[in-house]
Structures are given as structure tokens and as C-alpha cells.
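Novice: Listed below, chain by chain, are the residues.
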Amino acid sequence: MAASIFGVFDEVTQNKIISSKVLVVGAGGIGCELLKNLVLSGFPDIEIIDLDTIDVSNLNRQFLFRKEHVGKSKAQVAKESALHFNPDAKITAYHDSIMSSDYDLEFFKKFDLVMNALDNRVARNHVNRMCLAADKPLIESGTAGYLGQVSVIKKTVTECYECQPQAAQKTFPGCTIRNTPSEPIHCIVWAKHLFNQLFGEDDPDQDVSPDTADPELAGEAGKAALESEAKADAAGGIKRKSTQAWAMETGYNAEKLFNKFFRDDIKYLLSMEALWKKRKPPVPLDWNNLPQDVPATTHQVAICDQRLWSVQECADVFAKSLSSLKEELIKQGEGGMLVWDKDDDPAMDFVTSAANIRAHIFGIPSKTRFDVKSMAGNIIPAIATTNAIIAGLIVMEGLKVLREEFDKCKAVFLNRQPNSRKKLLVPCQLEKPNPKCYVCAPKPEVTVILNTHKITVKVLEEKIIKGGLGMVAPDVEIDDGKGTILISSEEGETEENTEKFLEQFGINNGVRLKCDDFLQNYNLTIIIYHRDKLEEDKEFQIIGDVSEIQAKYLEDKENEDKQPNGLTEKQATEAATAVEDEDEVMLVEEEEIQQITVSKKRKHDEEPEVVNGDTVKKQRLISDVAEHYDDIIS
Amino acid sequence: MAEQITITEDEAALYDRQIRLWGLDAQRRLRASRVLLIGLRGLGAEVAKNIVLAGIKSLTLLDHTVVTEEDACSQFLVPRQDVGKNRAESSLHRVQQLNPMVDVQADISNVGDKPDDYFLNFDVVCATCCTLTLLHRIDEICAAHKIKFFAGDVFGFYGYMFADLGFHEYAEDVQKTKAKENIGEGEPATKKAKIEELETHVVKKSATFTRLSNAFEFDWGTTEGAKKLKRTPNTFFIIQVLLQFMEKFSRRPEVKTLLEDRQALEELTPGVLEKIGLKSDYISPEFARSCFAELSPVCAIVGGVLGQEIIKAVSQKDRPHRNFFFFNGIDGSGLVDQIGD
Ligand SMILES: [Zn+2]
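Taken in order, these protein sequences are the chains called A and B.
Quick note on the working numbering: the first sequence kicks off at 1 and runs consecutively.
Quick note on the working numbering: the second sequence kicks off at 1001 and runs consecutively.
It cannot be assumed that every hint is accurate.
Said to hold, decoys possible - One side only, chain A facing chain B, incomplete, derived with CB under 8 angstroms:
1. Arg-66
2. Val-70
3. Leu-425
What the hints assert, rightly or not - Beta-carbon label-pair distances, calculated as ranges:
4. B:Ala-1207 - A:Asp-96: 26 to 34 angstroms
5. B:Pro-1115 - A:Leu-83: 41 to 49 angstroms
6. B:Lys-1227 - A:Leu-83: 47 to 55 angstroms
7. A:Phe-6 - B:Asp-1341: 38 to 46 angstroms
8. B:Lys-1176 - A:Arg-421: 34 to 42 angstroms
9. B:Lys-1227 - A:Gln-417: 52 to 60 angstroms
10. A:Asp-135 - B:Lys-1176: 13 to 21 angstroms
These aren't lab readings, by the way, just hints derived from the structure by calculation.
Ideal Cβ positions, reconstructed from N, Cα and C, are used throughout, including at glycine.
Same shape as in the complex, but just chain B:
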């Protein structure tokens, strides 16, 4: 389908600086892709901005929740006076303004109520602000139908993104130094050296991704797990506690219940760790002091990485990060790790 899409001169002017980076073919594929974005908090806003600017075909904003005071920390798509209104609907206008050439729609229903075949309308599903149970369900549906699946969230200073692209084929530029003998032959030695240049070859590659459940149910208590653990970012386990909190209370930790949520997180931590084969004090409960609301710069970083991974996935250009990216705003680390296989 992507092959039939032509880029107009107007689009070429608008997308000039990125076509110079990823080429016309990648832009054509972007232009054909239909994306579902679940969750329109800070991270969702960043992802929406990045992929709409890049020039996808259509974006559906799906969120049944309403704007709160906390959105002022990072959700730049909703007007300040819209507290109490639906997040997807409130975001629609500004998302559309980012790029009139993209078809943008808002859906205010609850993703949990959507039947399986709803997801078949999309090439990419990106789920934020979802519980682990929901993420597992959507991942399985996407895997069964070859839909590219992404998940991500930001809690205060911490954030992550996950990708399950199934069996994914992509093109990668490989650079080789090559002396241009035929032209450089007659050049004096001093000039000849300068004629050596990097040559870019496009290489076709593929990668197979694992399901989200394999990562979250991975047993770190085994010998193999313990070996891997040494090099696994702590942020992964912080995220697990936070997702467990959402599972248990059917909501995120919130600043309006700051103290009790902090305590609940601290209490939840040992159990979450033990369940996946870790010592109950493997991570310090200190993180509970810095995981409230969504920091705008953290959303920008995680949303930037996540947005670029979506662009890579649909344009089938460049090696995707497999399969997690973690950002920890307290220690400043930004790591890619392969967990679950």
C-alpha cells in the first residue's frame, strides 16, 4: 500500500529536513500508517506531537479519563481551563493544529471495553497509562494480527517504553570506508588520502520480539536470571512496583493522596520483588519520593525515544531498540535493555 502513496511537493517542502534524514521511502510508509494512541497524559501528548509532526496517515486518541490539575505538569495539548473534561477530546484541537495533513480523531470510550477487532483498524498501537493486565491483553491481540505494539509510561522522574514488533524486517544503513580508486588514480598522494570516503550501503535485516508477559513474568531467582540481573536497570523494577500499584488500586499514584500513596508504594515494593525472585530490599523504597505526576522533561525524553521507535517501526528503517528503554531522572540514566528472552 505504501508504495502507491506519492508525496506531494507541499509535503516535500514541509518534511524536507526529515526526508533528508530517513529518505522518501520511509516518509511514504509513514504517510500510510494508522496509529492508535491510548492514554493522553504527559507521555501521550509527547508521542502524539512527535508522530503527527512526522506525518503519519491517521491518529486516534483514545482516553476515557478527565483532565486533572496534574496535567499542567506535562500535558501541553489540553487547555488549562479544561480540568474535568475528557482528555482525548480536549487534546484533539491542538494535535490537529500540529499538522493539518494528518487525520486526527478522539475516542472517549474506555479501552478496556473495546472488543478485540477494534485494534485491527490500526498498523500501530501505542498504549500509555494502562494497567499491566490491559497491556498484556492488547499485546496478545496485536501479536496475533501483526500489529506493531508499544507500551510506555512516566511516573515523576521515571519512565519506560516497551516494543513488541513481532517479526520485524527493516533496512539499515551500513557505512564503509571506501577509496575511490577509479577517480582518485591520477591524484597525487596528498590529495588521494582525501578522496577516501564513507560509503553507505542499505542492508536488509530482521528481528524477532518477545511478548510483554515474558518480560514481566521473567524469574530473576534462577541462575540465568541472577546473571542477567547484574546488568538490568533498576528502573525496570521501580516501574513494576508502580504498575502493581495501578493494578491494585485501579489508578495511578496521585499528588492529592501523596502521603498515603507513598506509603502504599513502600509497602508494595517487597512483595513485588519477591514475586519475581528478587530479595525484598533489592531496590530502595526511596523512589516513592519522586514518582508523582509526570515531569515534562522526562515525558520529552521517553516520548522522544518512543516516538522515534514508532517512526522506525512503520517506516521499516533502522534497527529498533529491543525491547525496553528506561529513563531514570534521579541518576540520569537512559538505557536500552532486552528483557524476557
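With the rest of the complex left out, here is chain A:
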């Protein structure tokens, strides 16, 4: 072990390593490499935690695992394999979620250094907060394909993981998915929604039927559609009950399902004539009369997944996967449901076939099962070499952290090609904390725009406070001088509130909610801004730093005066009044907020550079790296 051999490290570093205790969060691609580097460097006391079990697709890079380990705990097997490298190391493995309340403030306080080797934002946010609360340095890392990055987070010294607004997951307007798909991804999203409608949890946001509220149908066209809506309801009689109940009644009959989704619904869409004035109209398909042509595959491939299927093949796979999924659902018994999983073959077959049938109908190129899996499963390609380099960089930064040389710590980016200054590894200065950060500021505040008449306490808790703001078990009271408790982390205490609308508690524009998460030791004030309507029919919007939006307001308002942006006159007036009332601007699109992050420049290393004496200052856009900073959450 390097730290137990005199002469490898300087004495200070050597002693810091020998007396350290570190936590590794995640035993996947980066975690395996990191654990190896740590035990070989002589870190004597390491704890590692991972919720996951080993899958065959991990084995091309997570080198501590072998075929016979498939299905076992990653943390446990990683520990056993790494102990072969250094039997003197003490490694504690947890097959568990780091978000469990077992890993509380006391747990985090045990460590000198925490290293994240995670693949999702939810857990990253949580560990960020735990490290801030415990005042422990955190090294954050991530890879995507050939790209990677490492960064150091230290309370009050550097930016925290949540100091900058995080790019929202890419979503598509409901009407594009339901009415006017133009890209393969639109069909894939639709097919996943269809899966959930048929077998999963009923989510009104995932409706797959034609959308009569499409803004393009406004005016005359809308009237026509509304008329035909009544007609369709009468004809199909389907809309009145849930899609799932209807499908179940048919016994998941492939012909009936096919003809509803790929013939009747398409015919109905065609009746919304306004949609097809400038678009190529879709062509309905009939189960008993399918085109037999085979799509041209560029060359013969042996791997079945990489071959394009004909419509007939898609229909066959559709039927076969339906019956397998029906069996799975029946096995679950009363009230059972399926969760879509890219690694479940029938579920994957279903989405591939349904997406490609829909693509055919709309004249969109079809995709192979291999490609559909990437897109539907949000698969981030991953290779051993990138993970190895990033894990090496984590330890290099870790040594500086142990020596408490935070001024020397860097955010380091691994690029695919060297930049103009020959740098393949690009070190950047760490940013100072954002004083307006709703996580690490001394008194964190955040603004949430919503319609208090439409948002229930349940939505506030699940989608906004837990989903959007990353709390685990929040207590929420209204800052009304009476301390009215809205949400309690104790089960059952505030159950009677869940279905009520915020407005029923007197929560209106400007009301402050005090949220407290005991586990994260995190207090946050939410300032509510009521608006009747949000753009793109969003349910809510979370705004970290209101002042930046205010600065943007004037510009926006001008634009708005000129162009109602697709809003009807009435809507535009409504919006304008709402703005005046609130004395704040809420018309900034989420994308514009992202723009703020993207255009924010990151200062390049300002020290005289090693590349001999010339101190060229270069700036590097965050956008160069933002896209691979964070793995996409599926």
C-alpha cells in the first residue's frame, strides 16, 4: 500500500491517509475503480454503500464483478474483491439506499471525506445536503461515454451541488406526443405511456388518446373537434372508463387493442383537420390488412436487436408481448400493476413494437430495438477507461482535501480531445457558493409558482417538495403566525389535508411555507406565487433566484406585447394582469432559466499555467460540460 511504504507520499499526506476514514457512495462503474485506487493507495478504513445488484451489462467495466456475481449486492461483492488487493484494509459494505434514515447526520460525521460515485441526481442532491449538514467535504463525479468530471464541494468555501439550477429533464408537449409526433422519440414516449395506461399506474399526465385541447385546434377547428369528440365517445364508448379496465375486459386482445390505438384513434385524429393542413396526415392501420414490406436495413446484422422490423413483425411482437405482460399482471393478483423496465424483455418488446407501428403511421423512420432501448431507457453509454480516469482524479483531489488545501482543489473535466491549450484534463477553479442557493445559503428560500386553486397538499408534498426540492421526509407549516401544520413527516398526522387545495388553507400569493427535513437537517422557506395559468400547462415552476428572473422581465414583457406566443387573446390578457398583480414576473420559460446557467461562464484556472509561463486566460462554457455532468434520470 502506497501510504505504508515510506518515500511514495510526502509525510503529511502519508499520515493523513493512514488516519483517514472515508465513505464511497456507489459501487458501480466509478465506485469499483475508486475502491481499487483507495485500497492500493493505503486508505485504511473505507465504507461503501450501494442499493443495486449486479447485472450482466455491468461486467464490461465494473471489474470487481464477474458473471457468477450477477444478482448479488454490488457493495458486498466490491468489498470482497477489493480485499484481495489489500487484505489489511477495513471495508464496510452496505447493501442499502444512502437516502435511508439509517444514514443520518451522525453517520456522515464519522468520515473525513465523502466521495460520490452515483448515477442519479436525486441521490446526489441528498448526499450534498447531508455533507453540508455534517460539514464534511464531498467529491462529486460523473461520466458519460468518453466524458467525465470531478468536483470538490466544501461548505461555505465552494459551490454546492445545487447552487446552480439543474437542467430539467427533457419533456415534450402533451399534444406532440398524443396528436402530432414527428420524431421517433415522440412515438417511444407515447409507447411507454401506453404501457403504463395498460399495465401500470394510472397517470393522467400520460394519456395516449387524441388530445382535443391541442392549442392548434383553437377557434373554428376546435369547434369541429369538440363536435366530433362527442361522436367518438359514442362510437368507442371507451373514454368513459379507464383504458386499463377496457383492455382487461377484452382480455388484452391484440386485435382489439391494435385496432383501437392504431386505427380508430388515428381516424379520430384525422378528423381534427386543422392539424393536417400543413402536416402529412397519419395513415390508420388495420390488424387484418397490414403492409408486408420490410424496411431496408443497411446491411445484414447478426444481432436481432439491431435489425429493423417490418410492420407485420411489429404487430406479431405487439401481440406476443401483450400476452406475456397480461400473464405477468395476472400473477400479481388483484390491484397489481407492472412497472416498465428496459431490462424486462416483454416490456421492451412492447414499447419497441408499439413505437414503431405508430412511427409507421406517421411516416416517421422506425428504430431498432437496440436504439429504442437506449432512448426509452435513457441509457448512458459507459466504458471502463473513462471510469478509471475519473476515479483516479477523485483520489488526486481527495489527497488535497485530506491536507485541507481547498484553495488548490479543482473541478476537473475529461474531454474527448485536448483543447487548444493541449489539455485533455481541464482543471477549472471552483466557484464560490451562490448566496441565493436554496440549499446552502444561510437562510434558504425558494419561489414556487403554481395555481393555489389547483394544487393539492399531496401534489405539493410529492411533486414539489420531495420531487422538485429533493426533501425526503418534510414537515411543512404555514408561516401565518399560527404555525398551521400542513404536512407532517409522522405518518397519518396530516392525512386529512392531502386532497385539499392549498387555497383552502388560505395559501395565496406571497404566503411563506416553512419546510423542515429532519434527516437532511435542512430548513427551507417556500414563497408561493399564485398564477392562474403557467406556460406549457406546467403544474408548477421552481425558481431558485428570483432576482435573475426580475432582471429578465422587461425584455420578456416587450416580446410579449408584440407576440402573444401562441396564447389566445384572452389568455394573453390574463397573463398580463397576473403579472401586474404579482408585481413579479413569472413568464420566464424554464428554458430561459437554463440559459442563465449555460451562459454563466466558468473561469479557467487563473494561476500561472504549467505550460511554461504564459498565462493566457481562457474561459470555458459550462455548456461544454453541462450535458454530461448529470446522468439523466429515467
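Fit chain B with the ligand to the supplied structure of chain A, relying on the hints for placement.
Specialist: Chain B with the ligand in isolation, oriented as in the chain A frame:
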């Protein structure tokens, strides 16, 4: 040959995440490649791991030296109790475990004793822990027979890799923003913007590499050299001193002779620098305090870059780094530089 190789469904499952990155053709070429890896210390272990996981056809581990205490710093392929045993043989079992589909062999003979035609059995030769004289010889043989040649080493906090791919043809993905007019035509303006997307084109390119000797014998004293020097990583010259040490003493600097080796390095430095046209104090002898054993994270970084360059070379996919990569764990720099032509 690569074209005839088919990837089985099992392989497709195992290599799924990387096929999604570099494609089936690249994986097929990897599957056909025979690699010789010389030197099984820390860097060699990292390279072996990376390319065996990636799924090459065969790997020969060639090393005549024995495991020492120092290996515990970075050589994770040899069991701890194997001190005194041959490095290649001791590594064999764990390398094979990384990927049963790769044919892995150990050769305990001295690379210096190998005849020229020994190297013709391979598509790629990667030499670590070798003296400069040996590296020059192998590079010339490889160049003469169109074998892809790599060299690399790690000394404490410092490491490098070198590539001589001769005349190398490769495919590169080039991305262009393209609006999809035919489909987007009917879309309202607000939706239309979103239809613009990146389109990937595959472009065929080539690059010509220079010999190792041209880089190491480059004269920095000329006007041209002095101009280039300003932008050449110092780590290159640190590595030159270390390689000179190996040349002179027929071994690497070792922790068991720490103080005398440190002194020898300091004494060697001015001469090495002067010989290539530099001032005798161009680099500080401070480096001699941090160049012992091989740090595991440094091996991981250099071995990661080197491993990926081998994968690029055999898969003929992506622009290779020409022709050096240097990592300096003291200042944290990781630079690619073209030296010698
Ligand atoms: Zn922050």
C-alpha cells in the same frame, strides 16, 4: 479479417454499454485484435484490465521480472503473497477472470531476448517498464511491419504514454446541426425550433505518426525548438531523466534505495537536459521527491488514456491522440502533445 467476425448475442449483452458508444463495427475489430503487453507493473495492470474488459481477441503478458513490495501500491492483478514470483504468471489468473472470452497468456521471458519476428504475431504492441533503447528497437520493428506501437510508464506522481500508429486511417463522428425541414414544415414556429437536432456524420480520416526516436532526440536548442519549448509540458523532460536513469542503472528508481536514487536523479538531470539543447536548470530537481513506486490513481489515469488509445487504434474509430499524453500528479495537468515532427 475483422469483417468476418460476428458478435454473438452473449457478447452483445456483455458489451452492450460500450457498443452503444462505439458501435458494432468497432467492437468487431476489437474482437479480432491480438495485443502484446510488455511489463506488468501498475500501469501494465491498468492497461490489461481496460483492454481485456473491452473484449480484444488475445492478450500476451510479457514480463521476466518478479513481484516486489512496491507492487502493492498499484498492481492489483498479483496476489499479495506472490512477492518474488514472476509478474506475468502471477497476473494471469486475475486477468483471465476479468473476461473469460479473451485468450490470455503469460510469457516469462525477457523482451530483450525476443527476436524481431516475435512481434509480428501481434496487431498491437504496448511496452511499459522498458528502457529507451528497447523502446526504440521495438518501435522500429513495429513501424516496419505496420504494427500499432504504444509505450508508457508511471513513476510516482508522473506518467506518460506514447503512440506510433504509423499511417493510421480512422472513422470520426462529426456532428452538424440540421433542421429537419421535410418533417418540420407544418409545425408552428414554437415547435419547429425544437426539431433542429444534431446529425452525426461518419468521416474517414487519416494521420501519420512519427517514430519515438524523433521525439526523444529532438533538439530544443534550435530556434524552432525554443519556440516549441514554451508550450511543451515539463513532464516530458522529467520522464526523460527517469528513462535515462533506467538506461544507466538498468533498473527503475526504487523505494528501498530511496535516498541514493533521489540523489542520482538530481545529478543526472542537468546532463540529460543539456544533451537535448536545454539549460541545465530547465526543470527543478524537486520532481525526484515524488517519482517513486507507482501511485494507483496515476496508473488509473495514464492507463485509462493509454487503454482507450489502444481501443481507438484497433477499432479505427475516433481521432487518436498524437503522439504523447503526460500526467503530472503534482500540478494536476493532463496534456496531449505532438513531439518529434
Ligand atoms: Zn448551494
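Novice: Indicate, hint by hint, whether the structure satisfies it.
Specialist: Here's how the hints hold up against the structure:
Checking A:Arg-66 against chain B by beta carbon gives a least distance of about 6 angstroms; that is within 8 angstroms, so the hint holds. For A:Val-70, the interface hint is violated, the least distance from its beta-carbon to any beta-carbon of chain B being 11 angstroms, above 8 angstroms. The restraint placing A:Leu-425 at the interface with chain B holds, with a minimum CB-CB distance near 3 angstroms, inside the 8 angstroms limit. Take B:Ala-1207 and A:Asp-96: their Cβ atoms lie about 49 angstroms apart, and the range 26 to 34 angstroms is violated.
A beta carbon spacing of about 42 angstroms between B:Pro-1115 and A:Leu-83 agrees with the range 41 to 49 angstroms that was offered as a hint. A hinted range of 47 to 55 angstroms for the beta carbons of B:Lys-1227 and A:Leu-83 is consistent with their spacing of about 53 angstroms. Taking 38 to 46 angstroms as the suggested C-beta distance range, the pair A:Phe-6 and B:Asp-1341 conforms, at roughly 42 angstroms. A hinted range of 34 to 42 angstroms is violated for the C-beta pair B:Lys-1176 and A:Arg-421, which are about 26 angstroms apart.
A hinted range of 52 to 60 angstroms is violated for the C-beta pair B:Lys-1227 and A:Gln-417, which are about 23 angstroms apart. Distance hint for A:Asp-135 and B:Lys-1176: a CB-CB separation of about 48 angstroms, inconsistent with the stated range 13 to 21 angstroms.
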